[in-house]
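Kindly produce the complete structure, drawing on both the sequences and the hints.
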Amino acid sequence: MGQFIARRVVLGIIALMLAMLIVFSLSRVKGDPRYFFIGEDSLGIDPAVWEEWGRRLNLDKPVPIQFALWMGDILTGDFGDSVTTQRGVLEIIGEKAPNTIQLGIIAWLLGTLVGVPLGVFSATNRGNFLDYVLRGFALFGQSVPIFWLALVMIFVFAVNLGWLPSGTKGEGLAIRNFVMPAVALAWFPAASYLRITRTAMLEILDSEFVKFARAKGVAQAPVRWKHAFRNAIIPPLTLSVFVLFGLLNGTIIIETVFAWPGLGRLAIDALWATDYPLLAGLAIIYGAAFVVMILSLDIVYALLDPRIKYN
Amino acid sequence: MTVEQTASLAAQSSPAVQQRLTLWYIVRRWPILPVTLLALLVIMGVGADWIAPNDPIDQSLPDRNANPLYRDGSPYLFGGDHVGRDVLSRVIHGARVSLSVMGVALSAGMLIGTGLGLLAGYAGGVVDELITRIVDIWMGFPFLLLALVAAIIVGASFQTIMVLMILVAWVSFVRNVRADVLVIKESGYVALAKISGASTTRILVRHILPGTIGTITVIASLSVGNLILYEATLSFLGAGIPAPTPSWGNMVAEGRDYLQTAWWTSVIPGTALFLTVMSLNFFGDWLRDRLDPRLRQLG
Numbered sequence: 001m002g003q004f005i006a007r008r009v010v011l012g013i014i015a016l017m018l019a020m021l022i023v024f025s026l027s028r029v030k031g032d033p034r035y036f037f038i039g040e041d042s043l044g045i046d047p048a049v050w051e052e053w054g055r056r057l058n059l060d061k062p063v064p065i066q067f068a069l070w071m072g073d074i075l076t077g078d079f080g081d082s083v084t085t086q087r088g089v090l091e092i093i094g095e096k097a098p099n100t101i102q103l104g105i106i107a108w109l110l111g112t113l114v115g116v117p118l119g120v121f122s123a124t125n126r127g128n129f130l131d132y133v134l135r136g137f138a139l140f141g142q143s144v145p146i147f148w149l150a151l152v153m154i155f156v157f158a159v160n161l162g163w164l165p166s167g168t169k170g171e172g173l174a175i176r177n178f179v180m181p182a183v184a185l186a187w188f189p190a191a192s193y194l195r196i197t198r199t200a201m202l203e204i205l206d207s208e209f210v211k212f213a214r215a216k217g218v219a220q221a222p223v224r225w226k227h228a229f230r231n232a233i234i235p236p237l238t239l240s241v242f243v244l245f246g247l248l249n250g251t252i253i254i255e256t257v258f259a260w261p262g263l264g265r266l267a268i269d270a271l272w273a274t275d276y277p278l279l280a281g282l283a284i285i286y287g288a289a290f291v292v293m294i295l296s297l298d299i300v301y302a303l304l305d306p307r308i309k310y311n
Numbered sequence: 001m002t003v004e005q006t007a008s009l010a011a012q013s014s015p016a017v018q019q020r021l022t023l024w025y026i027v028r029r030w031p032i033l034p035v036t037l038l039a040l041l042v043i044m045g046v047g048a049d050w051i052a053p054n055d056p057i058d059q060s061l062p063d064r065n066a067n068p069l070y071r072d073g074s075p076y077l078f079g080g081d082h083v084g085r086d087v088l089s090r091v092i093h094g095a096r097v098s099l100s101v102m103g104v105a106l107s108a109g110m111l112i113g114t115g116l117g118l119l120a121g122y123a124g125g126v127v128d129e130l131i132t133r134i135v136d137i138w139m140g141f142p143f144l145l146l147a148l149v150a151a152i153i154v155g156a157s158f159q160t161i162m163v164l165m166i167l168v169a170w171v172s173f174v175r176n177v178r179a180d181v182l183v184i185k186e187s188g189y190v191a192l193a194k195i196s197g198a199s200t201t202r203i204l205v206r207h208i209l210p211g212t213i214g215t216i217t218v219i220a221s222l223s224v225g226n227l228i229l230y231e232a233t234l235s236f237l238g239a240g241i242p243a244p245t246p247s248w249g250n251m252v253a254e255g256r257d258y259l260q261t262a263w264w265t266s267v268i269p270g271t272a273l274f275l276t277v278m279s280l281n282f283f284g285d286w287l288r289d290r291l292d293p294r295l296r297q298l299g
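Chains as they are written, first to last, in the numbering used here: chain A, 1 to 311; chain B, 1 to 299.
Worth double-checking, as some hints may not be accurate.
Unchecked claim - Here are some chain A residues pointing at chain B (derived, C-beta under 8 Å):
| # | residue |
| --- | --- |
| 1 | L18 |
| 2 | M20 |
| 3 | F24 |
| 4 | P47 |
| 5 | V49 |
| 6 | V144 |
| 7 | W148 |
Just so you know, the hints here were simulated from the structure itself, not pulled from any lab data.
In this text, a Cβ means the ideal position worked out from N, Cα and C, and glycines have one as well.
Have a look at this one:
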């Protein structure tokens, strides 16, 4: 087990370093990263200032050393300053992160709590009308672009009916403000959970030990939940990694549409303002978040399924 | 109820019921609607210049947010957008972007992914380990953010988008092709090919590749919908196809400020996108059930 985790941690670290390498290389594509701050045509800068600036960014050293120094800075928590606000990147990210985490967790819970039970329900009612409806919902959910779904929701519930606020987070935990972003964000995961759970349940319900339990006279509910569902839990659990990854991407879209003051919105603002240090910092933080998620799920996964070998 | 039972039930019933049952049977069995929609998409994309009633980029100030269905003297079937361009023509031209994602990014991703999958599965050892690890790591990349970073630096353009799409597309092929190869390479005919002195390339291309075609087709059809959504998302966020070239993603983005006054400017391209992806997913499911039910776990 220890070895298994160690291996995963190493893989995660490599992934993160690779992401950093890409971010770093991208910053050198234009040649001199100083051009991010002043633009290539603004040549009226004092050469001495330019030089001093280059020294501060370690541009006088060879490129591999620049990378090592940059990575060292990142590891010690120094992500540089945002171009637009002149504040520390990490400070800005820390400020906005709770809003994204709240939204993400709510959407994740919503997606899981809706999708998994519906998947079980769909499988146990295989072939009847409700199963068709649920499968239709799953197909719809996996095909609808979430930015568009969010807009349609705003159009219907905020613009036309006026039931819910169309954007921003509000003070504290304002439930009404959470409804639309969380539902829009949970839509795709719910559909995926439904499909995966349904497939897994159908497979297990068809297996010998379930048939035997039925033959033995075990009631419907315990067969479904104790015999079948327990064994069908691995595929939805595996999906969780991709769902969480999807949510990281999803928050960028949803926060843009709903003007949500979180990390995703920050990324898009940074994009429009070509705030490179901020965007690079976000890419690294998102990468790190993903590595941590995948690692913790791997461990949960291994704990739940003794069949998995740790090598 | 099995197929035979349904059919025998249909045979016993009255002619009207019988016909209804067969029709329902055909609709259930063959993906008629999705394929029709996809054919329409291809026709729209390829023939956009001839089909589109108006120029997709020509602005016309009097027709700003003109009503759909030619109401109130509107010159356009699907209405006009915020600068008076024809939404229908833009939707038709926007199909090109989705088609290019399918044509360029998917095929390139398929080639790279299949090649690496064959290599990993057949060579085994260090090569296999290396490729598998790269794939593992690749799956963990925050691609949307990296795409935004790339958009800042290289600038959003058609080429940038296609390269990004290829970078996303290839991974899913590697794992599944590799898994197939691991099984196929143990088979008797591969051993015989080796004994008769066939070169590695020949074994891979003539003997192993054909066995993986089913998997490749299924993976391609299942992932293409997501790729199209991904492109649309990038365009929606402003890091994709740059204006004024119409793509469904940037049309939805441009229309979102006019939801209250002109909902059609973003709802119509969004619907086109949704129908396309839904058709592709539906078709992909159907293909998977036909070709390789083992792949159901991919969901």
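- Which of the listed hints are not met by the structure? 2, 3, 4, 5
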